[in-house]
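Knowing the structure of chain A, use the given hints to seat chains B, C and D on it.
Listed here are the chains, written in short residue letters.
Protein chains: 4
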Amino acid sequence: MSAPAFDPKNMIYRNLGPSGLRVPVFSYGGWLTVGGTQKGDIVKELMKTCYDNGINMFDNAETYASGQSEIEMGRVIKELGWDRRDIIVTTKVFFGTNRSEKQNTRGLSRKHIIEGCQASLERLQLDYVDIIFAHRPDVTTPIEETVRAFNYLIDQGKAFYWGTSEWSAMQIQQAIEVAKRLNMVGPVCEQPHYSMLHRERFEQEYEPLWRYENYGSTIWSPLDSGMLTGKYNNGIPEDSRFATNKAFFENTVKELNSPEGKAKIEKVKSLTKIAEELGTTMTSLALAWTIVNTNVSTCILGATKPEQIVENLKALEVYPKLTPEVVARIEKILDNKPALPASYNRRDESGKLI
Amino acid sequence: MSAPAFDPKNMIYRNLGPSGLRVPVFSYGGWLTVGGTQKGDIVKELMKTCYDNGINMFDNAETYASGQSEIEMGRVIKELGWDRRDIIVTTKVFFGTNRSEKQNTRGLSRKHIIEGCQASLERLQLDYVDIIFAHRPDVTTPIEETVRAFNYLIDQGKAFYWGTSEWSAMQIQQAIEVAKRLNMVGPVCEQPHYSMLHRERFEQEYEPLWRYENYGSTIWSPLDSGMLTGKYNNGIPEDSRFATNKAFFENTVKELNSPEGKAKIEKVKSLTKIAEELGTTMTSLALAWTIVNTNVSTCILGATKPEQIVENLKALEVYPKLTPEVVARIEKILDNKPALPASYNRRDESGKLI
Amino acid sequence: MSAPAFDPKNMIYRNLGPSGLRVPVFSYGGWLTVGGTQKGDIVKELMKTCYDNGINMFDNAETYASGQSEIEMGRVIKELGWDRRDIIVTTKVFFGTNRSEKQNTRGLSRKHIIEGCQASLERLQLDYVDIIFAHRPDVTTPIEETVRAFNYLIDQGKAFYWGTSEWSAMQIQQAIEVAKRLNMVGPVCEQPHYSMLHRERFEQEYEPLWRYENYGSTIWSPLDSGMLTGKYNNGIPEDSRFATNKAFFENTVKELNSPEGKAKIEKVKSLTKIAEELGTTMTSLALAWTIVNTNVSTCILGATKPEQIVENLKALEVYPKLTPEVVARIEKILDNKPALPASYNRRDESGKLI
Amino acid sequence: MSAPAFDPKNMIYRNLGPSGLRVPVFSYGGWLTVGGTQKGDIVKELMKTCYDNGINMFDNAETYASGQSEIEMGRVIKELGWDRRDIIVTTKVFFGTNRSEKQNTRGLSRKHIIEGCQASLERLQLDYVDIIFAHRPDVTTPIEETVRAFNYLIDQGKAFYWGTSEWSAMQIQQAIEVAKRLNMVGPVCEQPHYSMLHRERFEQEYEPLWRYENYGSTIWSPLDSGMLTGKYNNGIPEDSRFATNKAFFENTVKELNSPEGKAKIEKVKSLTKIAEELGTTMTSLALAWTIVNTNVSTCILGATKPEQIVENLKALEVYPKLTPEVVARIEKILDNKPALPASYNRRDESGKLI
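Chains as they are written, first to last, in the numbering used here: chain A, 18 to 371; chain B, 18 to 371; chain C, 18 to 371; chain D, 18 to 371.
I should point out that these hints are in silico values taken from the structure, not numbers from a laboratory.
Be aware that one or more of the hints could be misleading.
Each pair may be met inside one copy or between any two copies, as identical chains are not told apart.
As the list claims (entries may be wrong) - Within a straight-line C-alpha distance of at most 27 Å, the following computed DSSO-like cross-link-like pairs (lysine-lysine) qualify:
1. K128 to K65
2. K322 to K61
3. K128 to K175
4. K26 to K354
5. K95 to K119
6. K197 to K95
7. K128 to K61
8. K119 to K26
9. K175 to K197
The shape of chain A in the complex, shown without the other chains (with noise of 0.2 Å):
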């Protein structure tokens, strides 16, 4: 393995949300690729390339390739004798580890958050996780219980800190508000879908959140599942994750060919060109974009080769490139800027009511 092209100490570092804990901008998933179609020795130099340029962040989740996502992180966090100080290690309960049909082995009850802890805790063969996931909403269970049982992981000390993932801002704001009023730890950071091609949610149903809670993120698909490579301009390649994964990306696949599909091809052809321009890829633009946006804690990247985490770290060199102007080129390709929610009360720049 060749020496690192980033030095650590030039990684970008935020507080996740209203927390202390600081995290780096890029971290790496296990979602989709370890445990999964990557085993063994690629995912030890996987996350060696990671750590050695900067990134000391790794998410996964219980229902990761059924368990053995995290299996495996934890395999190589040993072998490798990192200082567990200086590494973030986090995971999710929810779906279980086979997403089954078994009524208490998934949801957020206080028993399957509890028990479903523990168990990736063994399988990560860690003390503790640096932050626990709710990995859905669950709305037959009361928010109150979820947070308490988040709430007892924390006390025990296996993990330090909770979030969310992919509930709704009003399911998020009732927890913060919950665990405020049981003077309890609320939820620090949401892990949602962000992308420049799926920002709906991110940038208008949480904008409140960001606003007023200074909610951390820690979003997943920056790429669009390769999409945002540039990698589909001309049709689907065979050995990409949308071949390899074709149950899962069935409707992605649909979409790809429909209108609004091709529409999107093209937004991403004309992005190619600033990438050009700005002398880097369409790859390292579309992430360097998302880290633009500062309610973004970190990137999640999900490469499945070591060469690709050092591809993808270059947004750190493009990320300084994207001043104002060339960010407003951007919106004017991708026109899909949501609107911020509607306010009967606001003022303009000038204080005027509006």
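Relative to the frame of chain A, chains B, C and D by itself:
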């Protein structure tokens, strides 16, 4: 004035959400009529007709007809000498009386809520209203300040309950939680737009509020400004609300002539046939349909003539005829039932995870 | 009296800290003038000029002119018949009316806060003030007692908000936290001295309050008792405040003749040149400079003549001309920018620990 | 090793602030010596001398000698086989062990407080410390998170008390109030710099903490890095701390040669005469002077040789000789008594308002 067509004893009552207040399923509102196009004796006639036929709930707002709506209604209540304990009077603060540009005579600051309510009570010549609404959300005022100010009014005896109007589900949920944290009284109902043709927010966004908070509702525009009476089936009549409030309804009229507007009219035509089958009018069918949804606490009527009120109340006769089968036929014509909020952990009727 | 020079609609408004109250960036205060040197008709002229030009906020204190300031302002408010909802009236308790030696007619005990406020309201002929301030900290009264007493006034409808004046950041933070613990209303703003020549406490000590509590401010002496008008550039004129309030300003005058005082005058002379470049006066520049700092909610003017108010409001025209470049030139002349509070864990702009 | 010079029974004990812990007025700290210049047998000799002469409190920090200070002290405690119940061991988290650039191995996040404490306990070979300090404030972490994390350590039995070091009075007050609100344990003491020549923060800024919170203190550098021993009266000796830690003390040495530095030396010379009159050394006088201030709970000694400890403890003999008259003479020479925080409502000794 002729004898009442309906025995008030046959009025259907529902609890207003989580409160002990019993509201009639049909109430009367001053919006766009009382104090504006309708003044003096006709208002007394309208309100007397309401009361004599079982409608004892009157809805108002500081902004309706720039305060004149409250003045008219207050005068009539005094003149008719009704037992204050037998009627329900509501009003709303937010816009001020004249939607003026003044910074502190509008909004949901403590200052405007208290001062605005006081001014409304003076116009109404009442010591208190039964319910006071926040007529819109105010994103420039912290929700805690607003919750505290409405509780001040309740503690001072100026109002018995408070509610929201056109707030997002998230804002309502937050107000409920903040009130719980402060051991204060939360809002008990929302005043939203709801009708056969305007369902999304009520049935989808607010669904968790109905389900988990037992939130109440006082719906407005159940006939979509007349659209659902069928009177626009052949164009806009000269004496209709759209014709007499041109500026206000400009966009509505524009929409009426759009392809979507025309599709709506087709639906109304099909529904009219069902109404005829049931031996009633389109208007009565549309009104009755709203109260089939038991999340509707009361449906606000906005009639300009006493005979319209009597006509509207025929909905009480149609209501029992709206069996599940008939409702299903209506749904098929409407073809606009909003999907429920996504849930990853729901069970089907047999209890199986779906 | 001539027509107002400024359209009130052009006044700039800001939220008063974490409250929903909207305050004009310039307000008018009675300190040292109203009820003392200025009585009767001139007060009415002054306040009418304020209101007609967009200043609808009037600041007072029980101690100003031994209560005469409140009496004068209250009389004028009544005589001019303004809509109470459209104006903001504030007062302060602490010193009593005559800075007497009596032990319980001053301070921040529950007794004096309640009794003092009642006496102020009687002098003002008002049912309530919008904001009531603790005019100084009282180290002999527990802060909890003071927080409770101000909440009593708010619960009784005697005031909508409460604030502090010349408290230490520590005392303010404590009051905020005590209010949180008791589920009470915390103070929303501080009334401190702030000007080009008096910056340390505002910009340094209070900095955490602006940053973390979104605390508001109503600043006094923005012209440093006239120093920043340039009128002392060539000595003390006979009709100036320093000359007419000799005892009060004894130390100030002494300082004026010290080396430090002379250095200040040199700065004012240099700034006057910038004012001339911008086509304005030293006074307007100094006033506009205070509101460039958005931690200033409102800047209290203390004019003794109606024409001064109009002159002062020209600051609204200078304000947009204070670009970052101009502000930087001013900073260079002032050469008194306070350092931020020391931090042992700050990061530089790239996120690196420093 | 000779017999102890002092009977441990004569040691003076004070409660550590508002806690029930009794601390000796003199304690021993590892800063700049233990694990750095002093290792192995000498550490055992030093600590045994402390203990045998009545000093049973040992102060440490994760950052002292990059963790070596804890390792040395932990080893000695184990080797000497002291009763754990009879000694007080403290440590501090914040800087990490090597003041490294790593983002999460320092600061006051939940992560670092818990992980840092665990690592310290491992180095000390202890199950718990008596007091754990936040070695500095961390403005990037909400104080609530820090309060919760220290309470976690206390709940887990890893520490009995927690304190602050070099925090502003405002930050300490806030931590106390947040802990009260959460029904948690607040900090009990501050570890500040305090000596005859460094008084402002201790006597002025912290004064409300002593007065109203009965806050405790464990002061460091009571001899101002040797300045108050008189050894710099004639320049910097070659074996002094300033000479051996050149980089660290660069600024101190520079100051020593400045006019202010020279003025300080003159004061020390005058104080030395008083010491001689009292039949003691400058060192003993300076140490005894600190404990005359009963807001000092314990004064941390940093001796590098066993005999220095015995010398230092002679301060216990001087202490009773520091009558009000002698203290007044010392004040006159020091001429640096900080003014008390301004108060507008204080009473003089007769109870009159002043």
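Right, here's what the structure says about each hint:
In the homo-oligomer, the alpha carbons of K128 and K65 lie at most 27 Å apart only across protomers (22 Å), although the nearest pairing inside one protomer, at 35 Å, exceeds that limit. With identical chains, the CA atoms of K322 and K61 are at most 27 Å apart within one copy only, with a shortest distance of 11 Å there and 51 Å across copies. Taking the shortest Cα distances, K128 and K175 sit within 27 Å of each other both inside one copy (15 Å) and across copies (12 Å). For the identical chains of this complex, K26 and K354 are neighbours neither inside a copy (34 Å) nor across copies (32 Å), given an alpha-carbon limit of 27 Å.
Proximity of K95 to K119 under the C-alpha cut-off of 27 Å is restricted to the inter-copy arrangement: shortest distance 20 Å between copies versus 32 Å within a copy. Taking identical chains as interchangeable, the C-alpha atoms of K197 and K95 are never at most 27 Å apart, the minima being 37 Å within one chain and 41 Å between chains. When the C-alpha separation of K128 and K61 is checked against a cutoff of 27 Å, the pair qualifies only between copies, where the shortest distance is 25 Å, while the shortest distance within a copy is 33 Å. Proximity of K119 and K26 under a CA criterion of 27 Å is satisfied inter-copy only: 8 Å between copies versus 46 Å inside one chain copy.
Taking the shortest alpha-carbon separations for K175 and K197, both the intra-copy value of 21 Å and the inter-copy value of 26 Å come in at or below 27 Å.
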